[in-house]
Amino acid sequence: DVKVTQSSRYLVKRTGEKVFLECVQDMDHENMFWYRQDPGLGLRLIYFSYDVKMKEKGDIPEGYSVSREKKERFSLILESASTNQTSMYLCASSARGGSTDTQYFGPGTRLTVL
Amino acid sequence: EDQVTQSPEALRLQEGESSSLNCSYTVSGLRGLFWYRQDPGKGPEFLFTLYSAGEEKEKERLKATLTKKESFLHITAPKPEDSATYLCAVETGFQKLVFGTGTRLLVSP
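Order-wise, the sequence lines are chains A and B. Under the numbering used here, think of the first position of the first sequence as 41, with each following residue one higher. Under the numbering used here, think of the first position of the second sequence as 131, with each following residue one higher.
Okay, chain B solo, but in the shape it has when bound (with noise of 0.2 Å):
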């Protein structure tokens, strides 16, 4: 059955202080890695596609990284605006989305 993990399920940070976050996934074939952000009362932002191994991409303080079991999402010197849940979902087949529960993320001044 195809699964994603993501952990930890709750972070707190101070301001400034970098930390990464882990998905981890068992799939049977993957096509893709989505990383989404979600403020609370509002729907999943895009922010990165991964498809392969080794594969990386950032935005502003963000960075996200894809192995062949797990995809980190690397944040560095967070603010308090960097607050949300982190989703992260794999694509198993045509359109086919496995989400993760998410990591909510609180940034303290």
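So that you can see chain A by itself, here it is in the shape it has in the complex (with noise of 0.2 Å):
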């Protein structure tokens, strides 16, 4: 089975704290995402690796930036935290291969930012 994991399920920072949101796959998947999860909204993506050290913006990116160090772990940053920030966040995995490799989650990181 594939096994996305989060490094924390809940997160509390206040405004203006740098903010690290880790993400560990065990499945040796090439492709991870962050993606965050507001009401009313559905996911939106906020950036993407198809390898390591490579990193794509997604449909939000301003705020945050990403690090991919080794293949395995992915980390989304919060440089400087703010209120609209609070949000539920989503990382995901895929294999490389056909364009349609589904995109398997993680718990989620339910962050508030006060």
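The hints are simulated quantities; they were obtained by calculation from the structure and are not laboratory data. Among these hints, one or two may not hold up.
Unchecked claim - Derived DSBU-like pairs (lysine-lysine); straight-line CA-CA distance at most 35 Å:
1) B:K226 with A:K58
2) B:K172 with A:K111
3) A:K111 with B:K209
4) A:K97 with B:K226
5) A:K97 with B:K187
6) A:K58 with B:K189
7) A:K97 with B:K172
8) B:K199 with A:K53
9) B:K209 with A:K95
10) B:K199 with B:K209
11) B:K226 with A:K93
12) A:K43 with B:K193
13) A:K111 with B:K189
14) A:K95 with B:K187
15) B:K187 with A:K43
16) B:K226 with A:K110
17) B:K226 with A:K43
18) B:K198 with A:K97
19) B:K187 with A:K111
20) B:K199 with A:K110
21) A:K93 with B:K193
22) B:K199 with A:K95
Build the complex from these two chains, which are given one at a time in their own frames, with help from the hints.
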């Protein structure tokens, strides 16, 4: 079974803090993704990575950066957290291959910025 | 603009009462359509992928179908444990998914 884990289930941070969200997958997947999920807006792609040290902006990259130093690990960084970044953050991974490889999701991190 | 719309937003069923959830889409090029189940406070769990109109897939009480403009998730004789939010997503480019906002299903005993 594919397993995607995220470092924290719940996180509370202060405005202006630097925040790190970690994601690890154990299936040797090439592709990794970060989404945020907000009520009424669905899942929106922040960044994705198709290889180590490679990254691409998604639909809403502003205020975020990412790091992928190892194949199994993909980090999302909030350089200076703001209250509008309070959200559920979901990491996903997929294998390289055909374009429709399934994305498998982690359990999510509920981030609250005060 | 690529768009995915799910209906209804919420659905309440009695145990054993079959129904269908709808996912309609307008995309420039459909590469695949995905159904996920999401329990409260958890990440989406993969259910099905459909690639072409006419395709059907089944898993226990769930059956997904696809036409050129929409997909249906049919739930036959649901049980309370089927209560969850069901998400639909379409792949419009390389690994690019556009998600609907989901249908919240509640099945009462």
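Here is how each hint holds up against the structure:
1. B:K226 with A:K58: Distance of about 28 Å is within 35 Å: holds.
2. B:K172 with A:K111: holds (24 Å)
3. A:K111 with B:K209: violated (40 Å)
4. A:K97 with B:K226: Between K97 (chain A) and K226 (chain B) the Cα gap is close to 11 Å, so the pair holds against 35 Å.
5. A:K97 with B:K187: holds (33 Å)
6. A:K58 with B:K189: violated (43 Å)
7. A:K97 with B:K172: holds (25 Å)
8. B:K199 with A:K53: violated (43 Å)
9. B:K209 with A:K95: Not OK: K209 (chain B) and K95 (chain A) at ~42 Å, beyond 35 Å, violated.
10. B:K199 with B:K209: Holds, at about 29 Å.
11. B:K226 with A:K93: holds (19 Å)
12. A:K43 with B:K193: holds (25 Å)
13. A:K111 with B:K189: Roughly 32 Å separates the two Cα atoms, so the pair holds.
14. A:K95 with B:K187: Roughly 34 Å between the alpha carbons, so the hint for K95 (chain A) and K187 (chain B) holds.
15. B:K187 with A:K43: Status holds; Cα separation ~24 Å.
16. B:K226 with A:K110: Distance ~22 Å between K226 (chain B) and K110 (chain A) Cα, so the pair holds.
17. B:K226 with A:K43: holds (21 Å)
18. B:K198 with A:K97: Judged against 35 Å, a Cα distance of about 30 Å means the pair holds.
19. B:K187 with A:K111: holds (32 Å)
20. B:K199 with A:K110: violated (40 Å)
21. A:K93 with B:K193: violated (40 Å)
22. B:K199 with A:K95: It holds: about 32 Å lies between the C-alpha atoms, which stays within 35 Å.
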